[in-house]
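Undergrad: With the hints as your guide, set chain R onto chain L.
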Amino acid sequence: MSFPWAKHYEPKAPLMKWLDDRLPLPRFVYNAVGAGYPVPRNLNYFWNFGVLAGAALAMQIVTGIVLAMHFSTDANTAFTSVESIMRDVNAGWFLRYAHANGASMFLAVVYIHIGRGLYYGSYKPPREMVWLLGVVIFLLMMATAFMGYVLPWGQMSFWGAQVITGFFSAIPLVGETIRVWLLGGYAPDAAALNRFFSLHYLLPFVILGVVILHIWALHIPGSNNPTGVEVKDEQDTVPFHPYYTAKDGFGLGVFLLIFATIIFFAPNLLGHPDNYIQANPLSTPAHIVPEWYFLPFYAILKSFTIDFIMPAKLWGVLAMFGSILLLFFLPWLDTSPVRSANYRPVYRWFLVALLVDVIILGYVGGAEPIARNIIMGQIASAYYFLHFLVILPIVSAMERPRPLPNSITEAVLAKRGGTAPTKTAMSGGAIAPAE
Amino acid sequence: MVRIIGGLVGLAFAVMAFVGFISTTVGAIQEPAAPTAEHEFHEHPKDVRFASDGPFGRFDNRQLQRGFQVFKEVCSACHSLKLVAFRDLQQIGYSEAEVKAIAAQWAIETPAPNPETGEMATRRNQPADRFPAPFANEIAARAANNNAVPPDLSLMTKARHDGAAYVYSLLTGYQNQPAELLRQFPDARTPAGLHYNPYFPNLNLAMAPPLTSNGQVQYADGTAPTIDNMAKDVAAFLVWTAEPKLQARHAAGWASVLFLVIFCFLTWGAYKSVWRDKKH
Numbered sequence: 005m006s007f008p009w010a011k012h013y014e015p016k017a018p019l020m021k022w023l024d025d026r027l028p029l030p031r032f033v034y035n036a037v038g039a040g041y042p043v044p045r046n047l048n049y050f051w052n053f054g055v056l057a058g059a060a061l062a063m064q065i066v067t068g069i070v071l072a073m074h075f076s077t078d079a080n081t082a083f084t085s086v087e088s089i090m091r092d093v094n095a096g097w098f099l100r101y102a103h104a105n106g107a108s109m110f111l112a113v114v115y116i117h118i119g120r121g122l123y124y125g126s127y128k129p130p131r132e133m134v135w136l137l138g139v140v141i142f143l144l145m146m147a148t149a150f151m152g153y154v155l156p157w158g159q160m161s162f163w164g165a166q167v168i169t170g171f172f173s174a175i176p177l178v179g180e181t182i183r184v185w186l187l188g189g190y191a192p193d194a195a196a197l198n199r200f201f202s203l204h205y206l207l208p209f210v211i212l213g214v215v216i217l218h219i220w221a222l223h224i225p226g227s228n229n230p231t232g233v234e235v236k237d238e239q240d241t242v243p244f245h246p247y248y249t250a251k252d253g254f255g256l257g258v259f260l261l262i263f264a265t266i267i268f269f270a271p272n273l274l275g276h277p278d279n280y281i282q283a284n285p286l287s288t289p290a291h292i293v294p295e296w297y298f299l300p301f302y303a304i305l306k307s308f309t310i311d312f313i314m315p316a317k318l319w320g321v322l323a324m325f326g327s328i329l330l331l332f333f334l335p336w337l338d339t340s341p342v343r344s345a346n347y348r349p350v351y352r353w354f355l356v357a358l359l360v361d362v363i364i365l366g367y368v369g370g371a372e373p374i375a376r377n378i379i380m381g382q383i384a385s386a387y388y389f390l391h392f393l394v395i396l397p398i399v400s401a402m403e404r405p406r407p408l409p410n411s412i413t414e415a416v417l418a419k420r421g422g423t424a425p426t427k428t429a430m431s432g433g434a435i436a437p438a439e
Numbered sequence: 274m275v276r277i278i279g280g281l282v283g284l285a286f287a288v289m290a291f292v293g294f295i296s297t298t299v300g301a302i303q304e305p306a307a308p309t310a311e312h313e314f315h316e317h318p319k320d321v322r323f324a325s326d327g328p329f330g331r332f333d334n335r336q337l338q339r340g341f342q343v344f345k346e347v348c349s350a351c352h353s354l355k356l357v358a359f360r361d362l363q364q365i366g367y368s369e370a371e372v373k374a375i376a377a378q379w380a381i382e383t384p385a386p387n388p389e390t391g392e393m394a395t396r397r398n399q400p401a402d403r404f405p406a407p408f409a410n411e412i413a414a415r416a417a418n419n420n421a422v423p424p425d426l427s428l429m430t431k432a433r434h435d436g437a438a439y440v441y442s443l444l445t446g447y448q449n450q451p452a453e454l455l456r457q458f459p460d461a462r463t464p465a466g467l468h469y470n471p472y473f474p475n476l477n478l479a480m481a482p483p484l485t486s487n488g489q490v491q492y493a494d495g496t497a498p499t500i501d502n503m504a505k506d507v508a509a510f511l512v513w514t515a516e517p518k519l520q521a522r523h524a525a526g527w528a529s530v531l532f533l534v535i536f537c538f539l540t541w542g543a544y545k546s547v548w549r550d551k552k553h
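Heads up: the sequence lines are chains L and R, in that order. Each number in the numbering used here corresponds to the 1-based position in the first sequence with 4 added. Each number in the numbering used here corresponds to the 1-based position in the second sequence with 273 added.
It is possible that part of the hints are untrue.
As a list, the in silico DSS-like pairs of lysine-lysine whose alpha-carbon atoms are at most 25 Å apart [what the hints assert, rightly or not]:
#1 L:Lys236 - R:Lys551
#2 R:Lys373 - R:Lys345
#3 R:Lys355 - R:Lys345
#4 R:Lys355 - R:Lys518
#5 L:Lys419 - R:Lys551
#6 L:Lys236 - R:Lys552
#7 L:Lys236 - L:Lys11
#8 L:Lys317 - L:Lys306
#9 R:Lys373 - R:Lys518
#10 R:Lys551 - L:Lys11
#11 L:Lys21 - L:Lys11
#12 R:Lys345 - R:Lys518
#13 R:Lys552 - L:Lys419
#14 R:Lys545 - L:Lys419
#15 L:Lys11 - R:Lys545
#16 R:Lys355 - R:Lys373
#17 R:Lys552 - L:Lys11
#18 L:Lys236 - L:Lys419
Stretch by stretch, here's where chain L covers chain R in the computed footprint (C-beta under 8 Å, at least three residues) [claimed, not checked]:
#19 274-287
#20 430-436
#21 510-522
These aren't lab readings, by the way, just hints derived from the structure by calculation. For each residue, glycine too, the CB sits at the ideal point set by N, CA and C.
Just chain L, with the same shape it has in the complex:
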């Protein structure tokens, strides 16, 4: 499904014709990320992050598969096998630093991608399914990242696993049984390490599958854009290739430059020193903290300190899971017909507040649990829930949006000034597709 003016795949070489008649894989790629996919012409750099997330996933899978060839899935030798990768495997230090920091880069890129979706209303009809699948990917990523962090079997691996599986023990009556069942024992040990490794190898391929669904669902309505106005005719769009392949190529270069700088010059910046100490069930670290990308959720967990009907711990666990699961309902919580926050004068300030709020939560999640930090976390947690579940529905019902442009092209020309639409309408003829 696509716009009527989408280019059609026409194989010229005999081999490609032969292949197209039997297995139209090149046609599929052409329509997915080639010249056959018309994309709004006004996308800004925030639209690079989907491709960057895909690239990050691919790099994680490649480095992960090679690391798995050298990793020992045994509680007694996992830690030393990681160190032997660092010392004795050819380029092993590169693979491991690329994989460990790759997880951070993947999550960072995905957070920006989610933020882009929030700001430009990419979750709204007709793209709800794209959003829902995206939240599924996010949940799978969190599970994969958590289990991957356990594998090196350092102190934070072990105690992180202890804390996170401990969430399940907050469930009334059956909680402890579920926790023991998940871990395969009373505390993380050989059984837990083995199953985490197995799932850590499996889930990236599940993510890959859902990513394909995510892109498929995206191609039904086509990409959103910074105005949030739907595509009206051909001059609103450009073919994905070469226009956005070129732009994504540049984006990928910048992404890799930042990634390489971290890998080669600050590979332990985002890690915790305690994870260079082998797991010791008898010695609890002074502060157990998750990786940076979980800190906002960890802060929400710690912010519920009052027993009321349910124990405080259960409130915290429900709030933490709820803070992510509520994203599934976002398309129905926001009733504003306007997608882009550029045209929503009230809502955009609440979104800025949400960004600040999540940064505060992130700080609190990693900070010492002194009264000042707990207080900050509790206010920030309250705002997080109010924002999505109370403020957003009310604002979207009351707000008077600014006037929208009539079309994407009109918005572009209003911003860039100059020539009449007819003149820019089909300049694509000057540039032959590179294929």
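TA: Relative to chain L, chain R alone:
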């Protein structure tokens, strides 16, 4: 319906967090957290520079060899270095023959079965062996060290915040407990058998000061064996044991960054060229 239920759930969580906020605030006002000796007197590591610092950092092999000597003559009496093999010493400038000699003359031998009888025994170290631990197991280590296990040093500089500076500061930071501390916290007197050191998180360390006098180690290269130099050298050595591939990493890093900068210029040019007459 979704919005009504969602709103109620959201309010419930927000109210619970807000009640928690009030209760925490009231609690903090009624009972402010008491200051602790650790909080008031713990010091961050000293500012100290190493050749391996920064993106251009390289190892100074002469310093690493001096540091190895300090490890061999002082630290290795109690601390293991189990992730490092004798053969690795060739990376810091020892020849194959020297490594063989160091391994063979190492005070502690590697546990191995007697090739004749099969009974457990020890044999001389070979270059392929990792540094043998000074204690047979954790219980032995505890028994010999006042119930505190000397940690393995292989990864020490990566296992602490600001690791190299931490090692240096700890080794040079032993002192008498400040009178001010005892005045403010009379209960915080360093217990017998422990040693006051403001760079250690809880201020009292089981390890006795290992570097006690200038000249404790005789350096062959003429460097003055002051406590300060010995501490700095062994910290530099432990940077190498924790991250032996540091130089290769920095070299590969500069090559990658250079490549990617060129890559970015080319892709930026391609991007601008493709879009040259398309307003967006």
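Undergrad: It remains to establish, for every hint, whether it holds in the given structure.
TA: Comparing the hints with the structure gives:
1. L:Lys236 - R:Lys551: Answer holds: lysine 236 of chain L to lysine 551 of chain R is near 17 Å, not above 25 Å.
2. R:Lys373 - R:Lys345: Roughly 15 Å between the alpha carbons, so the hint for lysine 373 of chain R and lysine 345 of chain R holds.
3. R:Lys355 - R:Lys345: Holds, at roughly 14 Å.
4. R:Lys355 - R:Lys518: 17 Å, holds
5. L:Lys419 - R:Lys551: 13 Å, holds
6. L:Lys236 - R:Lys552: 17 Å, holds
7. L:Lys236 - L:Lys11: Measuring from Cα to Cα gives roughly 17 Å; hence the hint holds.
8. L:Lys317 - L:Lys306: Since the Cα atoms of lysine 317 of chain L and lysine 306 of chain L sit roughly 8 Å apart, the hinted pair holds (cutoff 25 Å).
9. R:Lys373 - R:Lys518: Holds: lysine 373 of chain R and lysine 518 of chain R sit about 22 Å apart, inside 25 Å.
10. R:Lys551 - L:Lys11: OK: lysine 551 of chain R and lysine 11 of chain L at ~18 Å, within 25 Å.
11. L:Lys21 - L:Lys11: Given that 25 Å is the threshold and the Cα spacing comes to 17 Å, the pair holds.
12. R:Lys345 - R:Lys518: Within the cut-off at roughly 22 Å; holds.
13. R:Lys552 - L:Lys419: 10 Å, holds
14. R:Lys545 - L:Lys419: Holds - the C-alpha atoms of lysine 419 of chain L and lysine 545 of chain R are around 18 Å apart, at most 25 Å.
15. L:Lys11 - R:Lys545: Answer holds: lysine 11 of chain L to lysine 545 of chain R is near 23 Å, not above 25 Å.
16. R:Lys355 - R:Lys373: It holds: about 18 Å lies between the C-alpha atoms, which stays within 25 Å.
17. R:Lys552 - L:Lys11: 21 Å, holds
18. L:Lys236 - L:Lys419: The hint holds at about 18 Å.
19. 274-287: holds (count 9)
20. 430-436: Check passed, 5 qualifying residues.
21. 510-522: holds (count 5)
In this structure, none of the earlier numbered hints is contradicted; all agree with it.
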